[in-house]
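With the sequences and hints as input, model every part of the structure.
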Amino acid sequence: MAELPDLEVFARILTRKYGGKVLEKVDIPVDKKLNVPPKKLKENLEGHKLSLVKRSGKTLQFHIGESILGLHLMLRGELVELTDKVPKFIIMSFHFKGGAGFAVTDMQKQATATLDPPQNDTPDALEIDYPTLLKLLEGKRTVIKSLLMDQKKIRGIGNSYGDEILYHAGISPFSISGKIPEDDVKRLHRSMHSVMETAIKKIEKENGDELRGELRDFMEIHGAGIKQTKKGEEVLHEKIGGRTSYYTKSQKLFD
DNA sequence: GAATATGTTTAAAT
DNA sequence: CATTTAAACATATT
Numbered sequence: 104m105a106e107l108p109d110l111e112v113f114a115r116i117l118t119r120k121y122g123g124k125v126l127e128k129v130d131i132p133v134d135k136k137l138n139v140p141p142k143k144l145k146e147n148l149e150g151h152k153l154s155l156v157k158r159s160g161k162t163l164q165f166h167i168g169e170s171i172l173g174l175h176l177m178l179r180g181e182l183v184e185l186t187d188k189v190p191k192f193i194i195m196s197f198h199f200k201g202g203a204g205f206a207v208t209d210m211q212k213q214a215t216a217t218l219d220p221p222q223n224d225t226p227d228a229l230e231i232d233y234p235t236l237l238k239l240l241e242g243k244r245t246v247i248k249s250l251l252m253d254q255k256k257i258r259g260i261g262n263s264y265g266d267e268i269l270y271h272a273g274i275s276p277f278s279i280s281g282k283i284p285e286d287d288v289k290r291l292h293r294s295m296h297s298v299m300e301t302a303i304k305k306i307e308k309e310n311g312d313e314l315r316g317e318l319r320d321f322m323e324i325h326g327a328g329i330k331q332t333k334k335g336e337e338v339l340h341e342k343i344g345g346r347t348s349y350y351t352k353s354q355k356l357f358d
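In case it helps, my numbering puts the first sequence at residues 104 to 358.
Since the hints were derived computationally from the structure, they do not count as laboratory data.
Treat each hint with caution, since some may be false.
To be verified - Below, in silico cross-link-like pairs of lysine to aspartate or glutamate (EDC-like), each with a Cα-Cα straight-line distance of 16 Å or less:
(1) Lys-305 - Glu-323
(2) Lys-256 - Asp-224
(3) Lys-128 - Glu-146
Set out below in structure tokens:
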């Protein structure tokens with residue numbers, strides 16, 4: 104669950120709902136991926152006010168008191184509002200003064216919380232400018248799909264939005280990054296922005312105040328259920344870097 | 001029961 | 001050395 108657009112919406116919802124509230128208690132049933140001892144996390148966070156929640160790449164950053172708690176949901180992590188029904192697979196839960204709260208769950212136990220994460224200079228997919236993107240592709244021999252998903256080069260694009268962006272830009276996921284002409288890189292840059300921004304708007308509208316987000320109705324091409332694009336093109340699929348990529352043969356291949 | 005799933009890390013191979 | 005690939009992670013769903 105949860106790629107960049109979902110996380111962006113989650114950050115806004117969390118800020119709206121919990122911003123300004125005091126975090127009374129943090130429970131940490133699973134601490135194996137935590138970068139500090141649970142005790143230290145509690146000392147740093149409990150009794151302090153949550154000022155805001157931001158998204159950075161595929162992580163959320165909770166600004167609490169003087170500290171920042173980074174949270175990566177990984178492959179299967181979810182955010183769940185706390186009610187009388189106790190969710191399964193809790194990694195950690197946040198209880199605010201007044202009773203409200205939410206939990207991070209992950210049946211795979213891979214969701215990762217990091218106290219005061221080091222600053223990351225890798226450009227974010229929503230913020231990267233065209234010259235930076237062009238430079239990033241220059242001379243690279245990897246296929247474009249892999250590069251887009253490489254978090255050390257650009258942060259925030261996952262398997263499904265990678266497919267959506269490339270389809271939108273009309274570029275084959277198998278294109279060699281360095282062989283894509285400038286005009287098409289320009290198109291790619293614009294598609295990155297518009298696909299993500301459109302998704303954020305749609306998810307925000309559909310979700311309202313709910314943290315759940317498995318809305319994939321608007322996906323044009325990525326998904327096992329999609330056999331044809333709206334234009335009637337046949338959707339092909341093949342593995343790139345161990346994950347299934349969906350594409351059409353109308354997307355231009357540069358090699 | 002087998003295959004698959006929105007991500008990352010590690011080690012091994014190229 | 002730089003880059004790429006497979007396996008592992010733990011469970012649910014189809």
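- [ ] May I ask which of the numbered hints given earlier this structure violates, with the numbers listed in increasing order?
- [x] none
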